[in-house]
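There are 2 protein chains.
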Amino acid sequence: MSFPALLAADASLIQTRLDAAFASLPDQPVTRAMAYATTGGKRLRGFLVLESARMLGVAPAVSVSAAAAVEALHAYSLVHDDLPAMDDDSLRRGQPTLHIRWDEATAILAGDALQTLAFELLTDPALGSAEIRLKLVAGLAKASGAAGMVLGQALDIAAESAGTPLTLEEITALQAGKTGALIGFAAESGAILAEQNPRPLRAYAAALGLAFQIADDILDVTGDAAKAGKRLQKDADAGKATFVSLLGLDAARARAKWLIDEACDHLLPYGASAQNLIDCARFTIARES
Amino acid sequence: MSFPALLAADASLIQTRLDAAFASLPDQPVTRAMAYATTGGKRLRGFLVLESARMLGVAPAVSVSAAAAVEALHAYSLVHDDLPAMDDDSLRRGQPTLHIRWDEATAILAGDALQTLAFELLTDPALGSAEIRLKLVAGLAKASGAAGMVLGQALDIAAESAGTPLTLEEITALQAGKTGALIGFAAESGAILAEQNPRPLRAYAAALGLAFQIADDILDVTGDAAKAGKRLQKDADAGKATFVSLLGLDAARARAKWLIDEACDHLLPYGASAQNLIDCARFTIARES
Chain S
1 MSFPALLAAD ASLIQTRLDA AFASLPDQPV TRAMAYATTG GKRLRGFLVL
51 ESARMLGVAP AVSVSAAAAV EALHAYSLVH DDLPAMDDDS LRRGQPTLHI
101 RWDEATAILA GDALQTLAFE LLTDPALGSA EIRLKLVAGL AKASGAAGMV
151 LGQALDIAAE SAGTPLTLEE ITALQAGKTG ALIGFAAESG AILAEQNPRP
201 LRAYAAALGL AFQIADDILD VTGDAAKAGK RLQKDADAGK ATFVSLLGLD
251 AARARAKWLI DEACDHLLPY GASAQNLIDC ARFTIARES
Chain U
1 MSFPALLAAD ASLIQTRLDA AFASLPDQPV TRAMAYATTG GKRLRGFLVL
51 ESARMLGVAP AVSVSAAAAV EALHAYSLVH DDLPAMDDDS LRRGQPTLHI
101 RWDEATAILA GDALQTLAFE LLTDPALGSA EIRLKLVAGL AKASGAAGMV
151 LGQALDIAAE SAGTPLTLEE ITALQAGKTG ALIGFAAESG AILAEQNPRP
201 LRAYAAALGL AFQIADDILD VTGDAAKAGK RLQKDADAGK ATFVSLLGLD
251 AARARAKWLI DEACDHLLPY GASAQNLIDC ARFTIARES
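Chains as they are written, first to last, in our numbering: chain S, 1 to 289; chain U, 1 to 289.
Honestly, I wouldn't trust all of these hints.
For identical chains, the list gives no copy identity; a pair is met inside one copy or between any two copies.
[Claimed, not checked] SDA-like cross-link-like pairs, simulated, lysine to any residue; straight-line CA separation at most 20 Å:
(1) Lys142 / Asp27
(2) Lys257 / Pro125
(3) Lys234 / Leu246
(4) Lys142 / Leu25
(5) Lys142 / Ala130
(6) Lys142 / Asp19
(7) Lys142 / Ala23
(8) Lys142 / Arg93
(9) Lys142 / Gln28
(10) Lys240 / Ala207
(11) Lys142 / Ala126
(12) Lys142 / Pro165
(13) Lys257 / Leu6
(14) Lys142 / Ala20
(15) Lys142 / Phe22
(16) Lys227 / Gln28
(17) Lys142 / Ser24
(18) Lys142 / Pro29
(19) Lys142 / Lys227
(20) Lys257 / Gly57
Derived from the structure by calculation, the hints contain no laboratory data.
Excised from the complex, chain S in its bound form:
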């Protein structure tokens, strides 16, 4: 199966799991808004959960609730980041953002409930022993809280309002929280589910996460808004420092490629079984959205 076909098949598995979760909630606007927020997207983070688990012998039927949890957590972060008080975006995945389609109160509440749902999904007995599920809960909390994703977003907003462009070191630290922490947890969760050493997957994900963000910055400058499904050029418009503004386009591309090679090197212990994760890393910097 080609990588895009595999990614699409896994996205469909994750969607089915999320739909089942929404079907068990009251049929209310906030539930429908939650479902809307998780529709579309590449599901790269969820794929990393399913594939890292699969590589280590854990089937999607076992791991899918963890993949759905990571996607629910990611969706909540996008809904809140898009709010007027945050990044104030009106387009996401080619559709109106949640507070435009509904209203701000619904967007805040749907985001809140998506975060709750992420933790609830990790209690699914299908994922394995209580010890395994509890490790997933602790890992997701660490990745998403005030030492991870929330910290990254707070630093990003603070930098924007301060008006002083960040240094390369500061941006790297910021992105490690904002996008790196959840990507790291997604890849690591396969090792947690398989009860194996998480170190190689963690190292793979750290390089992958940074390359992912550099690719995002490149897309923001060179991309096609119609394909990306969101507003582009926004960092340049806001005068924000990015990997592209600090390194230049060519050096940013070279660094992303170098990071992907590094990410793949960390997979050497897994031999040929890591091929899909290698393809995923290459896809990360070749994508158009």
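Starting from the known structure of chain S, arrange chain U on it as the hints suggest.
Same frame as chain S, now just chain U:
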């Protein structure tokens, strides 16, 4: 020890646990905002965790992370409910609300990170086996998500914008989510920690939660804003139906008292060891804030 002294002593234990959690997070504005949001308050929910556990033989040294989790979750809900797009309140526990003291973005992020922290606290090994901790995670998720607290708040906001006052049945259902679900989980968590039948505590908390909300509605009409530390008369000003507007003040008082008697009846299996929970129930309708 008198009930107010016991409540204050337990609040102090919970504060110490929360302070330890904040000290382990990066020293950033969002962390300081999280700490601010959990300062003050009666800590009734956290007390219910500690006391229900203590009654069943589980010491505060074991249960305190669950009490801190419930208070972190409650604080997140207050921070988000106070936002301009929600209830738009500027005073809470006698202090400026978080978005007034900082800004909206920080309030959204601090609330988000407080929810994450609540789940992280429930992974504390001091709470017991992985099975126990996972039951606490599942219980908190059920109480706080789109079938619990978030649903109640969404129904409340929908009723306000619809302009049609709710019926008594609708308000009862709304409050079961908005305040009842977390109070229910708080009381039940003692039984989870002690691995005992949760049914009597769950029934106690269901009656207590409703009485608590009726008492809140009474306070909103008869209370002293300085003692309450928040804006009062706001439901009447907004033309919202409350237990007081639907039942009248005297019948609302009678119903709250009746519910407290019912709550205490559910504690009969525990005999004299339930005295502190009985005192807590009586305090709930006698409080001035």
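Structure-based check of all given hints:
In this homomeric assembly, lysine 142 and aspartate 27 come within 20 Å of each other (Cα to Cα) only across copies, at 16 Å, whereas the closest approach inside a single copy is 31 Å. For the homomeric pair lysine 257 and proline 125, neither the shortest alpha-carbon distance inside one copy (39 Å) nor that between copies (42 Å) is at most 20 Å. With identical chains, the CA atoms of lysine 234 and leucine 246 are at most 20 Å apart within one copy only, with a shortest distance of 16 Å there and 51 Å across copies. For the homomeric pair lysine 142 and leucine 25, the shortest alpha-carbon distance between copies (10 Å) is at most 20 Å, but the shortest distance inside one copy (26 Å) is not.
In this assembly of identical chains, the alpha carbons of lysine 142 and alanine 130 lie at most 20 Å apart whether taken from the same copy (18 Å) or from different copies (18 Å). Taking the shortest alpha-carbon separations for lysine 142 and aspartate 19, only the inter-copy value of 17 Å comes in at or below 20 Å, while the best intra-copy value is 26 Å. In this homomeric assembly, lysine 142 and alanine 23 come within 20 Å of each other (Cα to Cα) only across copies, at 15 Å, whereas the closest approach inside a single copy is 28 Å. Taking the shortest Cα distances, lysine 142 and arginine 93 never come within 20 Å of each other, neither inside one copy (27 Å) nor across copies (29 Å).
With identical chains, the CA atoms of lysine 142 and glutamine 28 are at most 20 Å apart between copies only, with a shortest distance of 16 Å across copies and 31 Å within one. Taking the shortest Cα distances, lysine 240 and alanine 207 never come within 20 Å of each other, neither inside one copy (23 Å) nor across copies (54 Å). Proximity of lysine 142 to alanine 126 under the C-alpha cut-off of 20 Å is restricted to the inter-copy arrangement: shortest distance 18 Å between copies versus 22 Å within a copy. For the identical chains of this complex, lysine 142 and proline 165 are neighbours neither inside a copy (28 Å) nor across copies (42 Å), given an alpha-carbon limit of 20 Å.
In this assembly of identical chains, the alpha carbons of lysine 257 and leucine 6 never lie at most 20 Å apart, being 22 Å within a copy and 61 Å across copies at closest. Taking the closest pair of Cα atoms, lysine 142 and alanine 20 come within 20 Å of each other only across two copies (16 Å); inside a single copy the shortest separation is 26 Å, beyond that limit. With identical chains, the CA atoms of lysine 142 and phenylalanine 22 are at most 20 Å apart between copies only, with a shortest distance of 13 Å across copies and 25 Å within one. For a Cα distance limit of 20 Å, the shortest separation of lysine 227 from glutamine 28 qualifies neither inside one copy, at 32 Å, nor across copies, at 37 Å.
Taking CA atoms no more than 20 Å apart as the test, lysine 142 paired with serine 24 passes between copies only; the shortest distance there is 11 Å, against 27 Å inside one copy. In this assembly of identical chains, lysine 142 and proline 29 lie within 20 Å of each other by CA distance solely across copies; the values are 18 Å between and 30 Å within a copy. Taking the closest pair of Cα atoms, lysine 142 and lysine 227 never come within 20 Å of each other, the shortest separation being 33 Å inside a single copy and 38 Å across copies. Taking the shortest Cα distances, lysine 257 and glycine 57 never come within 20 Å of each other, neither inside one copy (29 Å) nor across copies (59 Å).
When held up to the earlier numbered hints, the structure conflicts with 2, 8, 10, 12, 13, 16, 19, 20 and fits the remainder.
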